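S.K.: The chain contents come next:
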Amino acid sequence: MLYTLCLVGILVSLVSLATLFVDALSDGLPWLDLQFLTSFPSRFPEQAGILAALFGSIWVVGLTALFSFPLGVGAALYLEEYSPKNWLTSFVQLNIANLAGVPSIVYGILSLGLFVEALALGRSVLAGALTMTLLILPVIIVASQEAIRSVPRESRDGAYALGATRWQVVRGIVLPQALSGMLTGTILALSRAIGEAAPMIAIAALVYIRFVPTGPLDRFTVMPIQIYNWVNLPQSEFRGLAAAGIIVLLAVLLSMNSIAIFIRNRYQRRAR
Amino acid sequence: MNGVKTSKRTQHIREWIIGKFLLASALVSVFTTLAILGVLLLEAVSFFQQVSIVEFFTETRWTPLFEPQYFGVLPLVWGTVLVTIIALSVAVPIGLGSAIFLSEYAPDRLRRGVKPVLEILAGVPTVVYGYFALTFVTPLLQNFFPQMIVFNALSAGLVMGIMIIPMVASISEDAMLAVPQSFREGAYALGAHRHEVVLGIVVPSAFSGIVASFILAISRAIGETMIVSIAAGSTPKLTFNPLESIQTMTGYITQISLGEVPFGSLEYRTIFSVGLTLFLVIQVVNLIGQWMVIRYWKRY
Numbered sequence: 319m320l321y322t323l324c325l326v327g328i329l330v331s332l333v334s335l336a337t338l339f340v341d342a343l344s345d346g347l348p349w350l351d352l353q354f355l356t357s358f359p360s361r362f363p364e365q366a367g368i369l370a371a372l373f374g375s376i377w378v379v380g381l382t383a384l385f386s387f388p389l390g391v392g393a394a395l396y397l398e399e400y401s402p403k404n405w406l407t408s409f410v411q412l413n414i415a416n417l418a419g420v421p422s423i424v425y426g427i428l429s430l431g432l433f434v435e436a437l438a439l440g441r442s443v444l445a446g447a448l449t450m451t452l453l454i455l456p457v458i459i460v461a462s463q464e465a466i467r468s469v470p471r472e473s474r475d476g477a478y479a480l481g482a483t484r485w486q487v488v489r490g491i492v493l494p495q496a497l498s499g500m501l502t503g504t505i506l507a508l509s510r511a512i513g514e515a516a517p518m519i520a521i522a523a524l525v526y527i528r529f530v531p532t533g534p535l536d537r538f539t540v541m542p543i544q545i546y547n548w549v550n551l552p553q554s555e556f557r558g559l560a561a562a563g564i565i566v567l568l569a570v571l572l573s574m575n576s577i578a579i580f581i582r583n584r585y586q587r588r589a590r
Numbered sequence: 025m026n027g028v029k030t031s032k033r034t035q036h037i038r039e040w041i042i043g044k045f046l047l048a049s050a051l052v053s054v055f056t057t058l059a060i061l062g063v064l065l066l067e068a069v070s071f072f073q074q075v076s077i078v079e080f081f082t083e084t085r086w087t088p089l090f091e092p093q094y095f096g097v098l099p100l101v102w103g104t105v106l107v108t109i110i111a112l113s114v115a116v117p118i119g120l121g122s123a124i125f126l127s128e129y130a131p132d133r134l135r136r137g138v139k140p141v142l143e144i145l146a147g148v149p150t151v152v153y154g155y156f157a158l159t160f161v162t163p164l165l166q167n168f169f170p171q172m173i174v175f176n177a178l179s180a181g182l183v184m185g186i187m188i189i190p191m192v193a194s195i196s197e198d199a200m201l202a203v204p205q206s207f208r209e210g211a212y213a214l215g216a217h218r219h220e221v222v223l224g225i226v227v228p229s230a231f232s233g234i235v236a237s238f239i240l241a242i243s244r245a246i247g248e249t250m251i252v253s254i255a256a257g258s259t260p261k262l263t264f265n266p267l268e269s270i271q272t273m274t275g276y277i278t279q280i281s282l283g284e285v286p287f288g289s290l291e292y293r294t295i296f297s298v299g300l301t302l303f304l305v306i307q308v309v310n311l312i313g314q315w316m317v318i319r320y321w322k323r324y
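Chains as they are written, first to last, in the working numbering: chain C, 319 to 590; chain X, 25 to 324.
Some hints could be false.
[To be verified] Okay, the calculated bits of chain X under chain C, using three or more residues with CB under 8 Å as the criterion: (1) 46–57; (2) 112–123; (3) 174–181.
[To be verified] To give a feel for the contact side, a few chain X residues facing chain C, derived at Cβ under 7 Å: (4) S243; (5) T274; (6) T278; (7) Q279; (8) G313; (9) W315.
Everything labelled a hint here was simulated from the structure, so no lab data went into it.
Since we're looking at a predicted model, the values are computed, not measured.
Every residue, glycine too, gets a C-beta built ideally from N, C-alpha and C.
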C-alpha cells in the first residue's frame with residue numbers, strides 16, 4: 319500500500335515534467351523560426367523576435383562570468399587554504415550559506431538601491447551583471463570549496479616539504495587539480511543565472527527594448543523578462559511567442575549544462 | 025616554478041598581497057549581507073517616517089497605488105502564506121513519497137535513471153513554470169471549477185508545489201540513505217513488514233533531514249516570484265478562497281518595479297519595506313529550521 323502511494327508520487331513528478339515540456343514545445347515550435355531569432359519585439363506578433371533579449375542575456379551572463387569566477391574561486395581558496403580555523407572563518411562560512419537561501423528578488427532590490435541608485439550605474443548591463451554575480455557567488459564558492467577539498471593532502475604536503483610557499487602550492491598543485499570542479503560549478507551557477515527573471519526585472523524595469531546592447535552601460539533586457547512580458551499580454555499569439563522564447567531559453571540552458579557535465583566527466587579526478 | 029630568482033623579500037611581499045586579495049574575495053560575501061541589510065533598512069526607515077509601523081502591520085488593506093492609500097502589509101503576507109500552504113500540500117506528500125520510493129523501494133538502476141529527471145525538474149527556470157501555470161493548469165482547473173478566474177492562488181500554488189518537489193525529494197532521500205542498514209535489518213529480523221520498517225524506523229531516524237527539506241521548501245516558496253507574478257494575480261486581499269486572485273509580497277514587488285513609479289517617492293519605498301518584511305520572514309523561517317534540525321539531529 320505504501321509502495322503504491324510512493325510510486326504514484328514519483329509518477330506525478332515525471333508526468334508533470336513531461337507535460338510541462340510538451341506544452342511549451344507544442345505552443346512554441348510553430349513560432350520558432352529564423353525571423354524570431356533575428357527580430358526585435360514588436361506590437362505585431364508576426365514581426366516580433368527575441369534578438370534584443372538574447373544578446374542582453376549573453377552580455378549579462380558574460381560579464382557575470384568575468385566577475386564571479388575570480389571572486390568565487392578566490393574566496394574558496396582563502397577559506398580552504400589561507401584562513402585560520404577560527405570563529406571568524408566559521409562566521410563567514412555561515413554567512414555564505416545564509417546568502418544562498420536569500421530569494422533572488424531581494425538581490426534585485428539590493429541592486430536597485432546600491433548599483434542603480436547609490437553608485438549611479440543606472441539600469442545598465444553592468445548593474446545587472448553585478449547583481450547576478452552577488453546572487454550566484456555563494457553557489458560558486460561552495461562548489462569550489464568542494465573541488466579544493468578533493469585535492470589530496472599528500473600533494474600539498476609534498477610541495478610544502480620541498481619548500482614551496484603557500485601561493486606556489488595553490489597555483490601549482492591545488493588549482494590545476496580543482497579547476498574542473500570549479501568550472502563545472504561555475505557553469506551550472508551561470509546557467510541558473512540565465513534563467514533568473516526576478517532580480518533583472520527589479521533592475522531593468524522596461525521590457526520593450528528594441529536594440530542590442532553595445533556596451534556595459536547600455537540598458538538591456540534578458541530572455542526571462544521578454545518571456546514574462548509576452549506571457550502577460552492578452553493576445554493569444556503572444557503566448558506562442560512566449561513559448562518559443564522558452565524553447566530558446568531551455569536550449570541555451572541545455573547546452574550550458576551539457577558543457578558542464580562534459581567537463582565534469584572528462585576531467586574528474588578518479589577518486590582514490 | 026619560474027626560472028627567475030626572486031629575492032626572499034619580494035616573495036614575501038607577493039605572498040602577502042595575494043593573501044589579502046583572496047581575503048577580500050571572501051569578504052565580498054560579508055559585504056553582500058551588510059549591503060542587503062543596509063539598503064533595506066535605510067529605505068525602510070524613510071518609509072516608516074511617513075507610514076506608521078502600527079498601520080503597516082495591522083491595517084488589512086494594501087492600496088499604495090490608489091486613493092485613498094492604505095499601507096497594511098497583511099494581505100500581501102497572507103497571499104504569500106496561502107500560496108505556500110497550497111504548494112506544500114503538493115510538494116510534501118509527493119516529494120516525501122518520491123524520496124521513500126527512491127531510497128527504500130527502487131532498484132539501483134531505476135534510481136540512477138530517475139534522479140537526473142528530478143534534477144532537471146529543479147533546473148527549469150521559474151518563468152517557464154509561470155507560463156505552464158497560466159496557459160495549461162488554469163484552463164485545466166477551470167473545467168472543474170467554473171467559477172475560478174484566470175488569476176488565482178490555486179494554479180500558482182500547485183505549480184509552485186511541483187517546482188519544489190525535487191528539493192524535498194532530494195534532501196529527504198539523502199537523509200534516509202544515511203540511516204544505517206543495520207537498523208532496517210534489525211527490524212526485519214524481528215518480523216516487521218517493509219512498510220513498518222519504513223514508517224517506523226527509517227523515517228523517524230531521518231526526521232531531522234526530512235524536516236530540513238520542508239523548511240527549505242517553505243523558504244523557497246515564500247521567496248518565489250515569477251510563478252505568482254504570472255499566475256496568482258495582483259489584487260491583495262485577505263481571503264481563504266484559493267480560486268480568487270490574490271497578491272504575494274514578491275508579486276507586489278515585481279508589479280511595482282515594472283510600473284512608472286518615480287525614484288524616491290513613497291510608493292517607490294514600498295519596494296523596500298515589503299522587501300524587508302520578506303527578508304525578515306525568511307530569516308525567521310530559516311532560524312526555526314536550524315533550531316528544529318539541531319533538536320532532532322541523530323548522529324550515526
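S.K.: Compare the structure with each hint and give your call.
M.R.: Verification of the hints:
Using a Cβ-Cβ cut-off of 8 Å, 11 residues of the segment 46–57 of chain X lie near chain C, which meets the minimum of three, so the contact claim holds. For the segment 112–123 of chain X, the assignment as covered by chain C holds, since 6 residues bring a beta-carbon within under 8 Å of that chain's beta-carbons and 3 suffice. Against chain C, the segment 174–181 of chain X contributes 0 residues with a C-beta closer than 8 Å to a partner C-beta. That does not satisfy the three-residue criterion, and the hint is violated. Interface hint at S243/X: satisfied, since its Cβ lies 6 Å from the closest Cβ of chain C, which is below the 7 Å cut-off.
Using the Cβ-Cβ criterion of 7 Å, the hint placing T274/X at the interface with chain C is satisfied: the shortest such distance is roughly 5 Å. The criterion of a C-beta within 7 Å of any C-beta in chain C is met by T278/X, whose closest approach is roughly 6 Å, and the hint holds. The beta carbon of Q279/X is not positioned within 7 Å of any beta carbon in chain C (closest approach about 10 Å), and the interface hint is therefore violated. Given the 7 Å rule on beta carbons, the hint for G313/X is violated: about 9 Å separates it from the nearest Cβ of chain C.
With a cut of 7 Å, the hint placing W315/X at the interface with chain C is violated, because the nearest CB-to-CB distance is about 15 Å.
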